[in-house]
Amino acid sequence: MSKEIVIKAENISKQYRLGEIGTGMLSHDIRRWWAMARGKEDPYMKVGMENDRTKKATSEYAWALRDVSFEIGKGDSLGIIGNNGAGKSTLLKLLSRVTGPSSGEIKIKGRIASLLEVGTGFHPDLTGRENIFMNGTILGMTRKEIVRKLDEIVEFAGIEMYLDTPVKRYSSGMYVRLAFGVAAHLEPEILIVDEVLAVGDAEFQKKCLGKMKDVSVNDGRTVIFVSHNMSAVQSLCNKAIMMEHGMVKMNGSCAQVINHYLDSNANSNTTKEWSIETAPGNEHAKLLKVELVNTSGEKIATSFLEDEVYLKITYRCITDKAKLNLSISIMTNKEECVLSSPSITDTIWCGKPHPSGDYVSYCKLPSFFFNNLIYSVYVVLVKDGSEIIASVPNSIIIEKTDSGKYRGGYFGPWSGITRPILEWKTERV
Amino acid sequence: MANKAVEDDMWDVYIKAKHGYLDINVREIWQYRDLLRMFIVRDLVSVYKQTILGPLWFLLQPIFTALIYVFIFGRVAKLSTDGVPKILFYLGSVTLWNYFADTFRMISRTFSENASVMGKVYFPRLILPLSKVVSGMVKLTIQFSLFFVIWLYYYFSEHAISPNWQMMYFPFLLLVLAVFSFGSGILVSSLTVKYRDLNFIIAFGIQLLMYATPVIYPISMASPEMQFWLWLNPLTSLLEAFKYGFLGQGLLNYFWLTYSVVFAVVLALIGVITFNRVEKKFVDMI
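In order, the protein sequences belong to chains S and W. Letter 7 of the first sequence, counting from 1, is numbered 36 in the working numbering, and no numbers are missing. Letter 234 of the second sequence, counting from 1, is numbered 237 in the working numbering, and no numbers are missing.
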């Protein structure tokens, strides 16, 4: 028995006109109206191109969404991910009924509330208390509900002292807390949340995400969540949709979709290979290939913090008996050196005479060492322990992502260029 | 087939591309009545925040306007008020006129002023103009009480006015005035969303309309030919009926009163239809 469907979207599309509204638009309006009056199809619904903002516009209309269909079951928490301009926000706007689709249909069961912004409808001259009622009713609560939850909201926001002060006197932090306080106490059957969690301090973020998780897991409510923060999506959602150019690219379990998203999004230079003519090096030896592989030896584009990966470097010895060794440095994208490591731990071949031929070296990069950043690898091939034969800065990049499993409930950025897990112990004295 | 019908019944919300002409969900507006109330409170309360006199300003505004009119139109221009005390004449018509002008002006800015809210959250959009109609009515009630006090003074101590029983029409006149302000307001607000040209005409047009309405003069001042054109303005018969009832001056004309009622209702219908069309696409056009 499958879950009860609470949202069903069927072939929804949304068309936007590019450029400015002006005199030119009037002629389109008149032609459209004339076609409608004769019972014909809208002439401008046919034109339009795929929504790829990097290409130059070839038509005056673009599709922000095209034939998007999906279903959401009761109690699911769905993450919507995708690059900027993929249509996520448009989809949210349609679901929250802020704007209508150009074609298609969405059916919704149950009370729906959307948080595309915090503090919608706040009036600077009204007091905190008045604004709680204003904002609450705009989000669909009844007066009675708000009265019942007023104390809870005030406590959550921690602004009791300022409750009867106009919100324009609030610090921005207090303002956001108050707005969130109201939002967190909504009790709709379906909750739509945009990336509003990007504001507020860490403690407060944790409180909000905790509350959201509570809503979907314990109360069996349906949550739709759009975010660029993969760790938050991963820990909050069980299902996910990946959008690309206004279409649903993938729809499935959260982990699957996020992996696919990260892979398709990963920087392409995760391998570097040279032909023998262009390969860096000299008549003694040359570098052939640098790549990143996992423990089973498969090439990978990105990896999680907890994954162990290997740097695989292929080189060719041309002069027989040349004494070769490798050395790498790992840099952050701000060109800080994280570490350097010559291949001295390789007791078999490091600095030993190499019979001419091809060699492959593996350098193990441990789990729980990197932070979720993009690093680059500086590779050096050395002869006789000091002569540099080849030196390649930025050979490949290492992209580490955070699965959200080892954050202890904190979702903000984690500082540091490395992120080992250190041992902690506290004793009472 | 039966199953299909049952399945369709289950859904609470349908979001579709196309809608009917008069697709107003009255039940939904009722569900959001608390929001309507909050908008009304906001309209009324935010006006006198950070003032010392507070709600008293609702009274001072029409008094000042009426006093200026007494001076300029009464003393300087020497317009007749048909024997009615000048302050009473002007205060009465200014109260009604201001209700129309303010309500119309505020409703016509519905979309442009609430763009940010409407872009972020859904609620039945008609609640916004409706709230202006009601909050305006609250202000009018306060201002009318002032008029009524002065009216009582002139009636009992000065015996300067001879009202008619038709002053009982007052609530009805207000209703028609409200429907007219609502209808014209939402029509203009819908028409100015995409092309803002109309905005430039409105500010000027509303001033002009005041002179085409018997606000500062009695209609009896105009020539019979001129009167016909004045009657075409649906506000004319409402103001005249009001003055006839309370002040015993003015012309109560049932034909033109009926005309105003029909005009207001038709305008409101056209307004709601247009508003409904625009409201669905508004966010993309602003």
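FYI, nobody ran anything at the bench for these hints, they're computed from the structure. Just so we're clear, the structure is a prediction, and the values are computed from it rather than from any experiment. A couple of the hints might just be wrong.
Unchecked claim - Sample of chain S residues with no beta-carbon within 10 Å of chain W, all distances over it, derived:
1) E189
2) D193
3) S201
4) V246
Claimed, not checked - Derived lysine to any residue pairs resembling SDA-like cross-links, with alpha carbons at most 20 Å apart:
5) K197(W) with E39(S)
6) K197(W) with V127(S)
7) K197(W) with R280(W)
8) K19(W) with E39(S)
Yeah, the Cβ is synthetic: ideal placement off N, Cα and C, and Gly gets one too.
Legend entry - Hints violated by the structure (numbers, ascending): 5
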